[in-house]
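Trainee: Here is how the chains run, residue by residue.
Number of protein chains: 6
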Amino acid sequence: MQLHLSTWPEIEAYLATSKAILIPIGSTEQHGPNGLLGTDALCPEIIARRAGDEAGFLVGPTFNVGQAQHHMAFPGTITLKPSTMIASMLDWTESLTRHGFERIYWLNGHGGNIATINAAFSEIYHGVTFAGANFSNATNGPPLRLHLRNWWELAGVMDLCRELFPVGEGSHATPSEVSVTYFGYPEAVKSVAMSPRIAPTGPIRDAEDYRRRFPDGRIGSDPSQANVEAGGRIVAAAVNAVIAEFRQFGTA
Amino acid sequence: MQLHLSTWPEIEAYLATSKAILIPIGSTEQHGPNGLLGTDALCPEIIARRAGDEAGFLVGPTFNVGQAQHHMAFPGTITLKPSTMIASMLDWTESLTRHGFERIYWLNGHGGNIATINAAFSEIYHGVTFAGANFSNATNGPPLRLHLRNWWELAGVMDLCRELFPVGEGSHATPSEVSVTYFGYPEAVKSVAMSPRIAPTGPIRDAEDYRRRFPDGRIGSDPSQANVEAGGRIVAAAVNAVIAEFRQFGTA
Amino acid sequence: MQLHLSTWPEIEAYLATSKAILIPIGSTEQHGPNGLLGTDALCPEIIARRAGDEAGFLVGPTFNVGQAQHHMAFPGTITLKPSTMIASMLDWTESLTRHGFERIYWLNGHGGNIATINAAFSEIYHGVTFAGANFSNATNGPPLRLHLRNWWELAGVMDLCRELFPVGEGSHATPSEVSVTYFGYPEAVKSVAMSPRIAPTGPIRDAEDYRRRFPDGRIGSDPSQANVEAGGRIVAAAVNAVIAEFRQFGTA
Amino acid sequence: MQLHLSTWPEIEAYLATSKAILIPIGSTEQHGPNGLLGTDALCPEIIARRAGDEAGFLVGPTFNVGQAQHHMAFPGTITLKPSTMIASMLDWTESLTRHGFERIYWLNGHGGNIATINAAFSEIYHGVTFAGANFSNATNGPPLRLHLRNWWELAGVMDLCRELFPVGEGSHATPSEVSVTYFGYPEAVKSVAMSPRIAPTGPIRDAEDYRRRFPDGRIGSDPSQANVEAGGRIVAAAVNAVIAEFRQFGTA
Amino acid sequence: MQLHLSTWPEIEAYLATSKAILIPIGSTEQHGPNGLLGTDALCPEIIARRAGDEAGFLVGPTFNVGQAQHHMAFPGTITLKPSTMIASMLDWTESLTRHGFERIYWLNGHGGNIATINAAFSEIYHGVTFAGANFSNATNGPPLRLHLRNWWELAGVMDLCRELFPVGEGSHATPSEVSVTYFGYPEAVKSVAMSPRIAPTGPIRDAEDYRRRFPDGRIGSDPSQANVEAGGRIVAAAVNAVIAEFRQFGTA
Amino acid sequence: MQLHLSTWPEIEAYLATSKAILIPIGSTEQHGPNGLLGTDALCPEIIARRAGDEAGFLVGPTFNVGQAQHHMAFPGTITLKPSTMIASMLDWTESLTRHGFERIYWLNGHGGNIATINAAFSEIYHGVTFAGANFSNATNGPPLRLHLRNWWELAGVMDLCRELFPVGEGSHATPSEVSVTYFGYPEAVKSVAMSPRIAPTGPIRDAEDYRRRFPDGRIGSDPSQANVEAGGRIVAAAVNAVIAEFRQFGTA
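Here the protein sequences line up with chains A, B, C, D, E and F, keeping their order. Be aware that the first sequence starts at 15, since it is given in our numbering, and climbs by one per residue. Be aware that the second sequence starts at 15, since it is given in our numbering, and climbs by one per residue. Be aware that the third sequence starts at 15, since it is given in our numbering, and climbs by one per residue. Be aware that the fourth sequence starts at 15, since it is given in our numbering, and climbs by one per residue. Be aware that the fifth sequence starts at 15, since it is given in our numbering, and climbs by one per residue. Be aware that the sixth sequence starts at 15, since it is given in our numbering, and climbs by one per residue.
Possibly wrong hints are sitting among the right ones.
Identical chains blur together in the list; that is why a pair holds if it fits in one copy or across any two.
As the list claims (entries may be wrong) - Below, computed lysine to any residue pairings styled on SDA-like, alpha-carbon distance capped at 25 Å:
#1 Lys204 x Pro214
#2 Lys204 x Phe263
#3 Lys204 x Ile128
#4 Lys204 x Arg64
#5 Lys204 x Arg163
#6 Lys204 x Arg63
#7 Lys204 x Gly170
#8 Lys204 x Thr265
#9 Lys204 x Leu29
#10 Lys204 x Ala169
Since the hints were made in silico from the structure, they are not lab data.
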């Protein structure tokens, strides 16, 4: 069930049965010579929408621009300041909570988002802790629960990725994530020769430093291995895992 | 050409030929008994993507949550504070400008966004005016141009809508916008009887007042008339118009 | 009745009879060769004070600096960032609401303010919508109503302006607005020859672009026609219209 | 010379001779049973405008709402959060500095503003110190100088006030400041009996505490002594003093 | 009693007997050739901790970085923007108030902090005034009291300083404050010849101007006179005075 | 070498040999029945100061209040909103970078700080990436490097902790961290019986939930095992490790 394809009476009906929603959250940033700029938003979106439709839970709009300052030396990357991202996530959460949602599951597609998502959670819980407090002793706020899950850490997914791509999985612009987007958007499959075949590895710092170290954007990966079929297998595994985890989270 | 389905080398190549990009911008908010919560983000997205693919210009990610506080009494609506929206649009724009984009065309799907988009433009131009100034006389900033266009005001579109729906077009949850989304997502077509057939009209104030005045969310409209075919005709007209206008803007 | 010339017991007494107040809001920005920098703040102030005194309603202090970044290439212009203006208007409104005011009528003197004023209204209503909510279902907030009226759009005013200045009214530094300030401050009448007599027209962008397009600051106007008598006629018409509209608003 | 009654070419000409401007800054807050809500903005405005006209220096628009949270239990008071006031003063200053002003003299009418004005000065100088720095060693910024002067501390003024009102001058809603406004606005003179004749004194804390301690708003004063003639004498003394001080400041 | 060396059950027990806490607040900034960068934080910390231990009242963590932009041309200085400092002090205060503290005594070590601390107090009281207000008439907030005391203004301290250093006390990097830190940290005593023996005096503006006027950082002082014994006498006097004042404040 | 015990000429001399500084960063929050509220700030401070003195590198002031909203139901805890903490860390970093520091090593004492510290790093690097950019193509910023290290993850430390406390180390209010503070402040050793001896474990959410799950504040630990001698061994190991790591970082 997709929020953006639903009517408000459908959401009202849903809220009578569940207080839980899943928000895909990603980034718009370079993913090497053959990876899509939307990769990190598309992966959780592709997985979440299939899972939500299959299991009947609600999937909200995709938070599609995130923390990508270190990719800014590559054209097409868009980034939010962490303070802006925290303010936005707070507004999304307050809106959802205002309607009665009490469990918000953020399915994340970008490692660089993790810290800021957790900081945003603290900012939101800070509000709950001081809610109604107004400089006096407050009663307990509502049982709001926020959950962060990176799609590649869903049960069984990492193992499958390693099985599919024993060499050159790397850590940015991986064949696994590129495969997921190729499965979702087969019309966007790109065939690009990689040189070197496996990209270098190293630390992530500011944008200029990143481009010097990783001239084509990849870190440690060979995404020329990416293919639709592998993407389909990863998506299937992730869908199963997220359904199980969301079910537990939504009723905890 | 979709930014999220492109690689960074493709964007680099595009920038050698054009400094212009289109950003669809909308809202996630109730659209009456049979309208989708995503309507205002989906309409500009559907039109823009077709236009970008047909004419070869670049379409960025959709800014999918906007100004919807007055719809907050209907479940599923998500809203940003205006100050948050301004900060986000500033970050998006600074990122794009950093890569060399000089013309940003915002195709808008929500009347309630207009004021805040224009305020964000002022905040961005304020930065340009004071850029490098640092309390001294600055030289002229780069020729950044921001453009706002509401899709229903594209040349010829409003006339077509009135022709298609001479009665009950109204101003919120209109048969025209619902038709556009039905055309884009035929699997989401909903058949709901409207009562009264044409919704009341009146002023827009805060959220509670809105729900009292417009109990099912519509203003002045009968969206039960919405259909895929009408949506297709509106999209076709809008695609032609936005291509013409973007071409002129991008090279002005 | 002027707030700044009243005592607090007088305001307390006023509040027992009315919850409505009018705030003049303008800008401090260049108005061409013979127009005053204060024009956009002075026009609503001149009209409002006369109206408030005649009809006995309350006029607050003038919000005298607004959105003028595009005039920054002309000395004397002062501008607020939109985010600062929103924060200030929020503080003014919260203060007034704290005393029991429920109807705030903003009489505006500057077209460039409109978007940010409306964005500020959304920010304020956002607060009302989430007031007391604190992540739970809130009861309805108080019946706060905000109203924006540009003085030149008051009933009958535009017709009179066109009658007085059939040629060269233009859109910035108009003979009408300059006349209103000359009526209010006859000691400030300036006699300046215009060259060309009627200024060029064109789009408004950033500050440097503005000065290139409109070298003496005017847009499409010939304000050398401005005179005290015309100002007096416009003020008289506007005072009548604002009294009628405020009365209706204050008791709605 | 008043900025709001000047044209931009007049300011351009002024800047060729002086880089200094005076900004009256005050507050809108209760001033007891017979004092005007605008007192703290009107006093510096009355003095500054006479001084500027007499000596030919430039007086900007009045910053008319300030720090008045402790007066919020009295109707008509309007207050800014300190953080909002700092942001506004920063915007005013950046605008003026953009035009080439290098000496900004703030003539203040409200003791409660002093701390926040000085904090705003620090925020502005912080910008100067880090200007162009951008994480590297910056060259020196321009010679911006900010000056705060409370009108009652101008040379000779306090002595005159004590001479005029040896008993009951007090510290809020003083006969001196009320006299200044009566001189400026004789039509607003109010005759109100004070009870007790001299108000109590005590510490200033939050708004509710203030009203409990000072039920009619005065602190230690008997403003029933206020009169137009005394106001005229105080204004004359203040005008002389501010002219002398501004001249020195503007050329230092 | 030191908060950072206490357990939460000890604080819970303390709160049953007192709602008052002392926060040392200072700055990290140059203090001339032989003064420590931590001087302004160390002085109130040294005094407060001794006082708290002797009298049994609670001393919180030291707020150790403050307003020091004008010292930024000397290495080692760290400064907060005033707006950041206000936000931080607000968070500290809300946390303490959440636990039931109602009296917060800020023992300050830096003249440059005074304005911003008072602005922060206004920001905090603003919250109290509007607490629970949510656009309606609020009941009175809790009896929060904030108190600022500069350690050198404690009863008897200034007299003692003048007695100890009749010549060359000056106003920045004074022998008195340096002595206090030498008493607290005798291992950090530095012997440095001063040239000239007594530093120049003058106004404080931005950072570059400061270093030009005061090349070694001192203003009007000869801190080569500083010594451990004098520091001990000043600390003893200050401890007695702060105990007396805090006792009165905590129970007022 | 301690910044707060150094003079500015000493820092100037240090900068001629090294551009690196270490900042201890922690939290002020409950640490169970016998753990100090200052534990998370004291641990990195104790380790860092010993290391800096032994190896001759510079240690800055301790950032002593951090992310502790989930501990707010226990008296004495003080917390910053994440957005405030980011703003503060940005100000500290800009100040240090202004003096020429290029390597900032944050030695952290609190797991709950990790996300927000990393978000602050992104906010700081964002500034570097856009530095001087002003909407045009910027040259590379300076080689600023930020490093986060949790003291318990220093080489060899965790192994030693497990050896010292094979049972009941837990994850909050651990015997290891309490031992470190007891070693640093032996006068603050507290003897408190734990019941149950080993605290429960579970997820961390908002403040009220935390207190319900962990009534005395501990998670999974038995800190009654804490002792000065164990603290001394942990500190010795950590000092060695941080010296080695800082040396490498400072010259990388």
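Trainee: Determine for every hint whether it applies to the structure shown.
Mentor: Verification of the hints:
1. Lys204 x Pro214: within (21 Å within a copy, 51 Å between copies)
2. Lys204 x Phe263: neither (37 Å within a copy, 30 Å between copies)
3. Lys204 x Ile128: neither (28 Å within a copy, 38 Å between copies)
4. Lys204 x Arg64: Both: 24 Å inside a chain and 20 Å across chains, each within 25 Å.
5. Lys204 x Arg163: Answer is neither: 29 Å inside a copy and 33 Å across each miss the 25 Å cutoff.
6. Lys204 x Arg63: Both. Shortest intra-copy (24 Å) and inter-copy (19 Å) distances satisfy the 25 Å Cα cut-off.
7. Lys204 x Gly170: neither (27 Å within a copy, 37 Å between copies)
8. Lys204 x Thr265: Cα proximity of lysine 204 and threonine 265: none, with 42 Å in one copy and 29 Å across.
9. Lys204 x Leu29: So lysine 204 and leucine 29 pass the 25 Å test across copies only (19 Å; inside, 42 Å).
10. Lys204 x Ala169: For lysine 204 and alanine 169, neither the intra-copy (29 Å) nor the inter-copy (36 Å) Cα distance is at most 25 Å.
Hints 2, 3, 5, 7, 8 and 10 from the list above are not met by this structure, while the remaining hints are.
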